[in-house]
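Dock the two chains into a complex; use the hints.
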Amino acid sequence: MKPFFFLLALLALSSVQAQTPAAPKFPLRPAPAPTQSQPVIQTSALLKVNVTYQSHSLRIPWQKEGAGGRRGLGVVLEGNRILVTGQMVADATYIELELPESGQKIPAKVIAVDYEANLALLAPNSPAREATFFAGLRPMQVDTSTRIGDTLVVWQTGRVGELIVTPVRVSKVMNQGYVVENASFIVYEAQGIIRSEANSFTLPVAKGGKLAGLLLRYDSKNQIATLLPAPIIEHFLKDVADGKYDGFPSLGIEFQITLDEQFRDYLGMKPDQPGVFISNVTKGASADQAGVKKGDIMMSINGASIDSRGDYQDPHFGALSVSHIVRGKAYVGDEVEMKVMREGKELTLKGKLTRKQPEDYLVLPYQFDQGPKYLLNGGLLFQELTRPYLNSFGNEQQGGPILRLARIAGSPDEYEKKGKKKIVFLSAVLPTTSTQGYERLSGQVVDEINGVNITKIEDVAEAFKKPQDGLHVVKLDQFPFILHLDALKVEQDNLQLMNGMFRIGSLSRLE
Amino acid sequence: MKLRPLFPALAALAFASLSTAQEPAATTAAEAILVDEWEGIVNIDASVLLPDYREPWNSGQPSGGSGTGFLIGKNRFLTNAHVVSNATKLVIRTTNDPEPHPARVVFVAHDCDLAILEAVDGSHFEKMKPLTFGGIPKLNTEVIAVGYPIGGDRISVTRGVVSRIDFRPFSHTQVDSHLAIQVDAAINPGNSGGPVIQNGKVVGVAFQGFSGRVAQNVGYIIPVPVIERFLKDVEDGTYDHYVDLAASDFPIENSAQRKALGLNGGGIGVMIADVEPAGSAGDILKRGDVLLSMDDNPVLNNGLIRFEGELMDMNEVVERKFAGDKLKLAYLRDGKKTETEITLKRFDPYVKLGEQYNQRPRYLVYAGLVFQPMDKNLIDAHQIADPAANYMFDNYLTEKLYVERPEPVLLTSILADEVNTYITPYAQSVVDEINGVKIRSLKDVKSALAMKGKRPDFVVIKLLEKDRPLVLKRDLAEAAHPKIMQTYNIPEDAYLGAE
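Going down the list, the sequences are from chains A and B.
Numbered according to my numbering, the first sequence terminates at residue 887, and the numbering increases by one at each position without gaps.
Numbered according to my numbering, the second sequence terminates at residue 483, and the numbering increases by one at each position without gaps.
Just chain B, same shape as in the assembly (with noise of 0.2 Å):
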């Protein structure tokens, strides 16, 4: 068995398992009824297929994994949308039943690791009673985690209390970041996906934890506010994402900044550092405004805000709220208050920067050259080491380098072949422009490549830092094209996505 690899201090909970067999229930008459009343929690049984970066043509490698879910409605299980990523099947079983039950994914959220599955013929589960949410519960409560962990195959109980409620990092995209409890309950891998109960209710689903080798009793459960926005959310059929302020704040602490930013004490405003244009907020915030509250709550000096009687983080508040919802906010700007409202949005580059599943690669090859997307599964499955790539993925956020290229596109590898023998050292490169045409996304590639500029007889490739164009002979790239395509295996030229 092996974890699957995620964020470097933690690992989701979802573990590879070679157990096909499951015990038979043999269970006394006391344990009975305890297991009855938790029927309704799950074993998940998903074979994944895990997508080849290097080769995108492949169909990847196939791998499997093991997790826990629960039933929350008529035929609807709640799970992590990691025990469920790059799933090829999905099988279902109970403690009490040797029958495994096909099942499918009906809505899938990364950015908050949350799924919902049912299963293929829901009959089975319609005498069973759905579990019920609780809220948020207190620190210092006790909690039970139950679910189908590395070491057995039956249901397994543990037991702990509420540690720490605060924002925390999801490690299942690496970039998504939302309200999260900490409990000392023993967390272990296959406990993904499984309730956490307290007085028979759901205070949350288990999805991460540290290694023993880091921290002990450290484990992490999606709360209550976080599941019901996701099932909020898909009521209208489809999952919409996250909408974000997409704009960043640094904390008034420093007399001086009060003083410029026009601020007489209070404890009131944060500064706005950056605004991101194509955020919500893009057209509103600028550089330097003070953020004084928002939909009328204050917004204290370090960037929280008090909420539901706990201090948390002022983007909870943005959190709860759905695509084209409104916002309003109070701001200061050269020491003038200003009220207005913005219209809530997805914003989509810093998507690029996390992790990524059920994605099928994109990929371009043309005589050899293997063109695709940048992405993280992108960068880390090549290993991408040339200065330029590594810029443009690390500072694509921060230095704004989206605008410029919404998707920028790298020059992977270059499968050797007469035609291109001169050019591989150049592979792993940024792509700027295909025959004066600027490369702002792998659609522009196809086309670029297409076109016939002032050199027709040439297809010329410039690189970002690179010292030269690549030049290739468009007639000697075009008769070495299918010839390379099945010297090296590839069925198709490209993929560019679904449409």
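Here chain A stands alone, though its shape is the one from the complex (with noise of 0.2 Å):
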């Protein structure tokens, strides 16, 4: 019932202008006043960010998707840089800051951004406003002292710029996945409820007034706020002073516990024996250039000791995956050192460690900022595999041509062999002329187009350039197995693609 009265009352005030004043029976009451116990106080390290965005439509490539907006907290850093998280300013348009106080605006660029470790560094976008905008802006700076049981404060802003603030209290410390595929790193899990207030992303969270971390997530039915928490925030501000960003390295192994006696005695692992299988090395990666091969028992990082369970103890957190000695710890270009046992014996293998980049992937594992590569022509759309093209069908196509792509990308070494270099495929077809009888298909791999085999997206572009007999000749993985098309109708159709009712503007995105 109640809500019902209050908005009976609400359309009546508005309304009391037109009418004569006999609606309002409900006095206007003032806002409760504060009732937290915090007190109730300015910061001068935090601005409010704006986002407007815009992602690539996947499936329709040449397209964008309708614009939104995000809001949230970013922490300002020396020489007037602003923290954010990653994904606050993934497929950004326009990005501005405002100060909570007076609401004045100016924009913003990204300078460095990091998708894996979801953390972006922003700078003003106006020279000639700058300097008045940061006049009474203090930089915060990053403390990395924290530990398992300590009280950290999330801080938020309210509607004029109060500053509201919430305790946590870390409980543990560990690996996680953070927001796109295959990126984890540690993180602070913390207990405490957190009120959510108007800005969603990035809630910098402190201790003893420096940066402790940002909110990664909150479970608000466990009340478990999971941090990203201030050494790799380090890591990464370190990386970007530089002048030129590497990213967190990465070893390229997979790995498998060792606590089952029969699989030890098996492996000739002695009882006490620390280490843990190797059971993948990348091709290419640190670990395969280093000499790291699959079956080896991985026994220590550079120093630490790997327990049956891939775990290191660190001196501040305990028992925490031996990846953090990497991915967190260690820079691109440093040598890494480690110990292995193969075929009952120990090796010391030393090499540098270097980074997988995104776009080395055979499915490239996320895409933020950019469009989607693709090429259409007569009608037919061919695209490069991708993660988020995949997850784009949620659950909605568990079977069929989606479950054949997932498990390309799944287990990409029999492609990767073929020396294919990204997963070409024919994702839709658009009924043209030249495209009479094919319009149904859809989720073939593309191997060979005019005879020429097709590794990457360029590829196709290149392939369709040398038609026989004023033919195009498709080969594909699966079922029809073979396409011909008419080389003058295709560029008859391509005319009417980009100026007809599709207005496609460009026929391709390669780069």
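Careful, some of the hints might be misleading.
Claimed, not checked - List of simulated lysine to aspartate or glutamate pairs, EDC-like, C-alpha gap at most 16 Å: (1) A:K832 to A:D845; (2) B:K113 to B:E21; (3) A:K851 to A:D823; (4) A:K851 to B:D258; (5) B:K243 to A:D845; (6) A:K659 to A:E792; (7) A:K669 to B:D451; (8) B:K450 to A:D789; (9) B:K384 to A:D853; (10) A:K670 to B:D258.
Claimed, not checked - Computed, partial: chain B to chain A, Cβ under 7 Å: (11) N238; (12) Q241; (13) Y406; (14) Y410; (15) D451; (16) L456; (17) R458.
Unchecked claim - These stretches of chain A come out as covered by chain B in the derived footprint (C-beta under 8 Å, 3 or more residues): (18) 511 to 517; (19) 783 to 797; (20) 804 to 815; (21) 856 to 866.
Hint data in this document are derived by calculation from the structure and do not stem from the laboratory.
Backbone N, C-alpha and C fix where the C-beta goes; we use that ideal spot for every residue, glycine too.
This is the structure:
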């Protein structure tokens, strides 16, 4: 009943001026005074950040989706830099900074972003107004001294910039997936009740007035806050500081726990021997270059002994996944030393840490800010397979072509061995004269066009320059295996596609 | 009562019924004449045992169903395969005789959903007149469906017209398609196996329909050509299954396609997009060939053929033939026309993708690890979620995975014990190798487990797309095995099939 009454009252009030003042029986009560126990203070280290974003359509790749907005908080750092989460600026078309108290705004730009670590650094994009805008702001320091048991405070701002402070208590430090696929780093897990304010992204978490982390996610049911911790923020900022952003290094291994005694016996491991079973080594990655092989027992990395679960003893946090030694503590270009056991013998392997770039994957793990690559010819739409494309189907299509494509993404070895750099597939067929009879096809992997082996989308463009006898021949890995197109009609249809009903601005995006 | 779960939109028409009592006959003279004619249309009550693919050593879940059948010869009743599938006991009743007559299956053809029964004691039916068959009824002509559907115990008649004649998937196996006739006479659960009659002759057997939520008045009957084929097939005492061309065609509608394939219009010829290497045409046809005719009957660009005055799927020509029959093919390759003759045979791999019946589930248990051969029943029963297993099932035919693994084996569950406690998360995986032996069928599992490879003290099981081998110490596994069998109440180590 209550909301109903409330609504009535509101309606009545809004029409007061037009009607005779008979309606409002409910006097407007003054807004309740803030009842939080925390004192109302201002901070000079927080900014409001407003982002307008527009993502590309994954299945109609020449189009963009509708624009949307995100509001969050940014942390002011040294040199008029603003730290936000990567999610905040993904696919941004316009970014602005806003002073919480005065509401003054200036545009901003991204100067570094790491979607794996979910961090971005912004700078103002208005030289003339920068100095006055930042005059009253004080940069925040990053503090990595947080330990399990510490109480941190989550910062939010109210309507006019007042600081709302919520305490949370750190209960765990562990490795966890961040936002994009296969990106995991350490997190602080903290307990506490966080009320939700208008700003939903990038809530800073402080310890003694310094930055201890950013809120990564909040599980309101269990009241657990997962925090993107200061050590990862510090790593990101150090990396940015040298002018060239390299990203977080990785070894490129997968490992399996060795708690199973029979398995240990089989591997020739002694009862107390440390180490995990290396089940996969990514070709060309750091571990591969250092000589690590599938089947090795990885015993230590950079002097840290690895237990049967794959953890090492961190001096500050206790047992922690060994991946933190590489991802969190080391930088691209650093030396790495690994002890492995192979056929009963201990080996020391050394190498340099590298990072596998997202574009080095057969199936792009994530993509922001850029549109998906595609090529449209005569109505056949070719795309490179990406995780976001697969994810766009969610659970709606678990069988058939999507299942088949998802499996390629899950075990790319077979295609990489065949020399494929990317999976090019026929994603859709637009009805044209040249695609008559092919309209229902989609999801077939493209192997060859006009005799040219297709290893990436750029090859498609090259291959279509070489029709034979006025025909294009497209060979697919799945039914119906072979398609023929009339080269002349294709050109006519291309003109139609650009200027006709579909109004496709460009027939390809290869960059 | 419940409908047996079948193809999502289609419900087969046998229904489980609790009714046991039959009303005594009390008919007026006018009806009696009618009913006498139909005395050979009988109710079939089936007690069934649904096999348990999760605990394959168990006998299964008792259930029951009821359908219709009709006399087609001396003590021979025709009905649907799905009425008598997995039956442990069958009883025939007529509308005017309260006496239950025990019956048994003589022939069953799951691929076309037909079966022949006989009464254990046929003397009661000796004086009855068998029903006779007509042909394919014309569109928009009247038919009646007679049987024992839901809504009462006595015989029922519904009336309608022939709505459509088309190739349709048969929902009993979910993978077979044959000619079917659509009628708008009400066909309801229990009508299954009953005759559909025109001018006193049987023109089909009622067998499936859409539930009322999907479509109205859409019932399907198995037409006479399919029935006749079945009757002819079993003349030699066994049912041999349908034969297949095992090649897939892709219509030629595109002018570039026509030019590339060397066709000069005229509407004749369909592109062969794929050929199953293990199928009838495996050595003859190739991808990109253009099939011009079958038995001198021209194949149109869309894969249809004119057959008995109607345009039908070209496979109808193959449908009417039997294992060992010849088929004349004319095809175009690189612009050159070739005529040849192939011998038709069954194509088995696809059967695994369909529902199977009257099969005792096969399995092998070793130290709590349960191995089972992949088929649809298994995938459904275990609700397999492993991507490698789902890929294997989904692409078994399309990616020709059957060539490498005729019978993929799944490690379906692991019955927990000290000996296997660390590997229990690996249940529901596809087995690749055991002790270095590639697993191509369930029987391979038995021999491979016994095999002592380079490391005789260990049993090493490699799974498809899994990150580590499963390793058991042979002595520990063998010691734990009998104990696990006892704890989990498994009477036999394995059932590898009849023989």
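*Taking the numbered hints from earlier one at a time, note which ones the structure violates and give those numbers from smallest to largest.*
As far as the earlier hints go, 1, 10, 14, 17 and 18 are violated by this structure, in ascending order.
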